[in-house]
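Number of protein chains: 2
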Amino acid sequence: MGEPRLFLRLDLTSRISLGPGKIHLLEEIARHGSISAAGRTMKMSYRRAWLLVSELNSHFREPLVTTRLGGTGGGKATVTPLGRAVIRAYRRMEKEAQRIAQRCAAALIEKLHEGPRRGPKKPARRA
Amino acid sequence: MGEPRLFLRLDLTSRISLGPGKIHLLEEIARHGSISAAGRTMKMSYRRAWLLVSELNSHFREPLVTTRLGGTGGGKATVTPLGRAVIRAYRRMEKEAQRIAQRCAAALIEKLHEGPRRGPKKPARRA
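The listed protein sequences correspond, in order, to chains A and B. Per our numbering: the first sequence = residues 1 to 127. Per our numbering: the second sequence = residues 1 to 127.
Simulated from the structure, these hints should not be mistaken for lab results. Every clue listed holds true.
Same chains, same names: a pair is fine if it fits in one copy or spans any two.
The list that follows gives simulated cross-link-like pairs (lysine-lysine, DSSO-like), each with its CA atoms no further than 27 Å apart:
#, residue 1, residue 2
1, 111, 76
2, 43, 22
3, 43, 76
4, 95, 22
5, 111, 95
6, 95, 43
7, 22, 111
8, 22, 76
With the sequences and hints as input, model every part of the structure.
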C-alpha cells in the first residue's frame with residue numbers, strides 16, 4: 001500500500017510561499033545551471049520558470065538565483081548560497097514532518113480498505 | 001510580519017488524501033450535526049460537501065460520518081469515533097509540523113524584505 005506521503009506549503013508571509021514546485025525548480029536550476037533546462041525537465045515553460053524565480057528573488061533581500069547572459073551556449077543561472085539555504089531548510093522541514101506524518105497516520109492507515117478500491121459507499125442512512 | 005504558516009496534504013495512499021479542507025469539513029459537521037450546515041459555513045455547496053464525505057467514507061472500513069434522515073428539522077449527521085480520530089491525527093500532525101516549520105524557517109524569515117512589498121526585481125544579469 002506504500003507509505004503515506006506529505007505535501008507541504010510553507011507560507012513565509014501572506015505574500016510568499018514555498019512548496020514542492022518552487023523547491024524542485026531551484027534544485028533543477030542548481031543541477032542544470034539553467035532556468036530553461038530546469039523548466040524543461042519539469043515540463044514548465046521558460047516564462048513560467050522565470051516568473052517563479054523572479055517572484056522568489058523579489059521577496060528576499062538577496063537573490064536566490066542569479067543569471068548571466070551567455071554567448072553561443074546560452075545564459076547561465078546560479079543558485080546562490082541563500083537559494084541553497086532555502087532548499088535545505090525546506091527539505092529538512094519536509095523530512096522531519098514526513099516522520100511525524102507516518103507516526104500520526106499509522107493508526108489511520110490500518111483503518112483503510114486494502115487492495116483494489118471498492119465502489120463509493122453512500123453514507124449509511126438510518127431511517 | 002506574523003509567523004510562517006504551514007499547509008499540509010497527507011496522501012494516505014495514492015487514492016485518498018487529507019488536507020485542511022476535508023478536516024475542516026469534518027470539524028464543522030461535528031459542530032453542527034449537519035452536512036448542509038457545515039457546507040454553508042464553508043461556502044461550499046451541499047453537493048460538494050456530500051461528495052467529500054462520501055469519498056472519505058468510501059476509503060475507510062468504517063464511515064467517518066453517518067447520516068440519519070430527519071423529520072421536519074431535516075437530517076442529522078454524526079462524526080463517528082473513527083472520524084474524530086482522523087481529525088485528531090491530522091491536527092496533531094499539523095501542530096507538530098508547524099513547530100518544525102517555525103524552527104526551519106526562522107533563518108529564512110530574517111532574509112525576507114520587511115515592510116511593504118517592493119516591486120518585483122529581475123534576476124541580476126551580469127554581462
